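Chemist: Chains A and B, in that order, give the protein sequences. Going by the numbering used here, the first sequence opens with residue 1, and the numbers climb by one from there. Going by the numbering used here, the second sequence opens with residue 134, and the numbers climb by one from there.
Quick caveat, the hints were computed from the structure, so don't treat them as lab data. All figures in this text were calculated on a predicted structure; none of them were measured in a lab. All residues carry an ideal CB built from backbone N, CA and C; glycine is no exception. Check each hint, because a few of them may be wrong.
To be verified - Covered stretches of chain B, as calculated for chain A (at least 3 residues, CB under 8 Å):
| # | stretch |
| --- | --- |
| 1 | 223 to 233 |
| 2 | 361 to 375 |
| 3 | 396 to 408 |
| 4 | 445 to 452 |
| 5 | 516 to 526 |
What the hints assert, rightly or not - Straight line, CA to CA, 27 Å or less: simulated DSSO-like cross-link-like pairs of lysine-lysine:
| # | chain 1 | residue 1 | chain 2 | residue 2 |
| --- | --- | --- | --- | --- |
| 6 | B | Lys528 | B | Lys361 |
| 7 | B | Lys528 | A | Lys84 |
| 8 | B | Lys296 | B | Lys309 |
| 9 | B | Lys309 | A | Lys48 |
| 10 | B | Lys398 | B | Lys285 |
| 11 | A | Lys48 | B | Lys296 |
| 12 | B | Lys482 | A | Lys48 |
Unchecked claim - A partial selection of chain B residues facing chain A, derived with a Cβ cut-off under 10 Å:
| # | residue |
| --- | --- |
| 13 | Tyr218 |
| 14 | Gly220 |
| 15 | Leu283 |
| 16 | Lys285 |
| 17 | Gln531 |
| 18 | Lys532 |
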Amino acid sequence: MPSIVDIAVNNEGFSTLVAAVQAAGLVETLAGEGDFTVFAPNDDAFAKLPPGTIQTLVQNPPQLARILTYHVAAGRLTKDDLIKLGEVTSIEGSPIPINGEDDFEVKNATVLAADIEADNGIIHVIDNVILMG
Amino acid sequence: MITTKIPPSTHPHADVIHRLEAGGSMLPDTPENLMQIIGIYKAYAVPMDFYWRDLLYIAEQVFLEPFRFFKYFISDEYLERQNHYAGDQADLRIWRGTGSAHPELLEFMKKGETFKSSKLFHHLFHDRINMEFAEACMRAMLWHGRDMGLGKFDAYLDSDEYKANADRAIKAYFKKNPVMLGLYKLFPDMFLEQVRELSYYANLGLFWEVMAPVFFEMSDIYDEGGFKGVPDAMNFLVNGIFAIAGRPIYHHVYIDGECFEIIPKSKGFTWLYEAALPYVEAVFYRTAPFRGTKSYNAQAHEVPDAQKDFHYGILYADVFPVGTAGIPPTLLMDDMYHFLPQYLKDYYKEHCRGEDDELIQLGITFQRSMYNVTSAVIQALRTALLYPLDDPNPKHLQKNREFFEAQMDRFLRPEARLRDIQNAEYR
Numbered sequence: 001m002p003s004i005v006d007i008a009v010n011n012e013g014f015s016t017l018v019a020a021v022q023a024a025g026l027v028e029t030l031a032g033e034g035d036f037t038v039f040a041p042n043d044d045a046f047a048k049l050p051p052g053t054i055q056t057l058v059q060n061p062p063q064l065a066r067i068l069t070y071h072v073a074a075g076r077l078t079k080d081d082l083i084k085l086g087e088v089t090s091i092e093g094s095p096i097p098i099n100g101e102d103d104f105e106v107k108n109a110t111v112l113a114a115d116i117e118a119d120n121g122i123i124h125v126i127d128n129v130i131l132m133g
Numbered sequence: 134m135i136t137t138k139i140p141p142s143t144h145p146h147a148d149v150i151h152r153l154e155a156g157g158s159m160l161p162d163t164p165e166n167l168m169q170i171i172g173i174y175k176a177y178a179v180p181m182d183f184y185w186r187d188l189l190y191i192a193e194q195v196f197l198e199p200f201r202f203f204k205y206f207i208s209d210e211y212l213e214r215q216n217h218y219a220g221d222q223a224d225l226r227i228w229r230g231t232g233s234a235h236p237e238l239l240e241f242m243k244k245g246e247t248f249k250s251s252k253l254f255h256h257l258f259h260d261r262i263n264m265e266f267a268e269a270c271m272r273a274m275l276w277h278g279r280d281m282g283l284g285k286f287d288a289y290l291d292s293d294e295y296k297a298n299a300d301r302a303i304k305a306y307f308k309k310n311p312v313m314l315g316l317y318k319l320f321p322d323m324f325l326e327q328v329r330e331l332s333y334y335a336n337l338g339l340f341w342e343v344m345a346p347v348f349f350e351m352s353d354i355y356d357e358g359g360f361k362g363v364p365d366a367m368n369f370l371v372n373g374i375f376a377i378a379g380r381p382i383y384h385h386v387y388i389d390g391e392c393f394e395i396i397p398k399s400k401g402f403t404w405l406y407e408a409a410l411p412y413v414e415a416v417f418y419r420t421a422p423f424r425g426t427k428s429y430n431a432q433a434h435e436v437p438d439a440q441k442d443f444h445y446g447i448l449y450a451d452v453f454p455v456g457t458a459g460i461p462p463t464l465l466m467d468d469m470y471h472f473l474p475q476y477l478k479d480y481y482k483e484h485c486r487g488e489d490d491e492l493i494q495l496g497i498t499f500q501r502s503m504y505n506v507t508s509a510v511i512q513a514l515r516t517a518l519l520y521p522l523d524d525p526n527p528k529h530l531q532k533n534r535e536f537f538e539a540q541m542d543r544f545l546r547p548e549a550r551l552r553d554i555q556n557a558e559y560r
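Please construct the entire structure, taking both the sequences and the accompanying hints into account.
Modeler: Take a look at the structure:
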């Protein structure tokens with residue numbers, strides 16, 4: 001089975017995420033041993049951020065890594081697991097609220113595709129970059 | 134208009150909440166308000182260009198100097214230091230501006246209000262930029278830092294890693310001073326606390342390094358006829374907040390040319406989480422009562438028991454009695470007074486007691502302008518953490534509504550000036 005990074009690289013619509021993961025130096029981590037639950041914003045999600053946001057972050061890898069690790073939780077958590085938990089702690093350290101009332105929502109993002117299995121974890125594609133706070 | 138999708142708010146500040154939901158500011162959108170806030174942003178940007186440079190100079194160079202009389206005597210290197218985000222030589226140019234100190238600041242530093250003289254004369258005569266104001270803001274952040282629990286900066290100051298970094302710098306700084314090293318051995322916590330304070334100097338300096346060119350550019354855009362109303366000015370700030378959100382917050386100290394990383398950039402601390410949000414909370418909302426303005430009886434609960442209930446910031450300030458010599462807000466007003474654009478000077482002459490109460494008039498303009506900055510922070514948080522204003526889902530709009538209402542709850546206390554700034558006659 002491909003790793004989380006392989007899936008992101010080989011599917012269309014994740015070029016910004018892949019570039020960001022590379023700039024932050026997180027490729028090895030996310031291709032390595034898991035398991036991870038990754039909330040993966042697609043290219044449209046990144047495009048929604050006001051101009052300059054990504055540029056400043058790419059120039060500062062530790063800060064970029066912090067935002068990206070807010071999109072990752074430890075363990076292999078499916079949609080059902082996440083909804084049951086209601087909240088997970090990100091690798092960054094801040095909590096990520098989960099809502100399964102109507103749509104499957106991760107903080108203020110809606111999950112566009114859930115439960116994409118990878119060798120070292122599971123991916124849920126989201127329509128917004130989520131931020132701590 | 135999104136208010137049609139959910140019933141109107143019944144909050145006492147419903148009018149303001151509906152304006153925020155329509156993409157507006159807490160400050161009403163009138164040409165007079167726009168003129169006032171932009172004029173004061175310009176007047177604020179010039180001293181701020183000194184504040185951030187000197188804050189970093191103190192944090193990085195003066196450091197633990199036992200005799201700190203000269204800490205406001207900024208070096209040429211720090212006046213010429215290129216802004217990271219403005220000017221031709223910026224690492225990442227987001228704003229136009231000048232990279233080194235603003236020409237109006239340099240001119241004022243030479244002449245002051247009086248005449249061209251030595252730095253020492255201007256300092257002793259108090260004819261200079263009032264750095265004491267910047268330090269008061271820094272101390273508000275330091276004092277409220279632990280209680281606010283915002284970001285990871287303050288918690289890091291208590292970590293063993295930070296203590297080890299500070300220890301290395303302290304020992305290097307005093308390596309030729311056995312008396313101070315002896316004192317350090319006897320009272321290590323006192324020295325550590327000084328370094329923590331210096332880390333907040335760096336934090337605030339890095340925060341304002343960004344805000345100064347933002348305000349300069351807003352003034353330029355206004356002069357070019359670029360802003361149509363208050364919401365445009367607010368949105369410029371919102372975009373600025375996002376553009377710079379990921380800027381690193383760190384504390385480096387230079388001892389004999391060697392850099393000691395007390396808070397390394399690699400900690401991942403960011404401008405938004407570790408500087409901007411704590412700054413707004415500590416300085417705009419909380420601060421502490423200013424000595425010499427009013428007496429409070431703590432036993433009669435005139436001062437809140439909890440720090441989170443402190444309400445002595447600009448959003449609550451009664452600008453008139455606060456306008457007493459020597460206290461931090463008056464120091465700022467005095468600083469801004471030197472750099473008012475002509476249109477704002479003319480405007481103050483037409484109202485109240487003209488030039489006689491200009492400091493108070495400009496203080497109230499400043500209050501209006503900071504309600505606009507706070508609106509930008511509220512809208513930026515809504516954008517980052519919640520939903521677009523035109524979201525088709527009523528549940529999302531309801532979440533936005535609850536967020537706006539919670540923010541407005543903070544202005545329910547009688548000291549809040551939110552209702553006053555709705556009125557053009559409040560001056």
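Chemist: Which of the numbered hints are not met once you compare them with the structure shown?
Modeler: The structure breaks hints 4, 6, 9, 11, 12, 14, 17; every other hint is satisfied.
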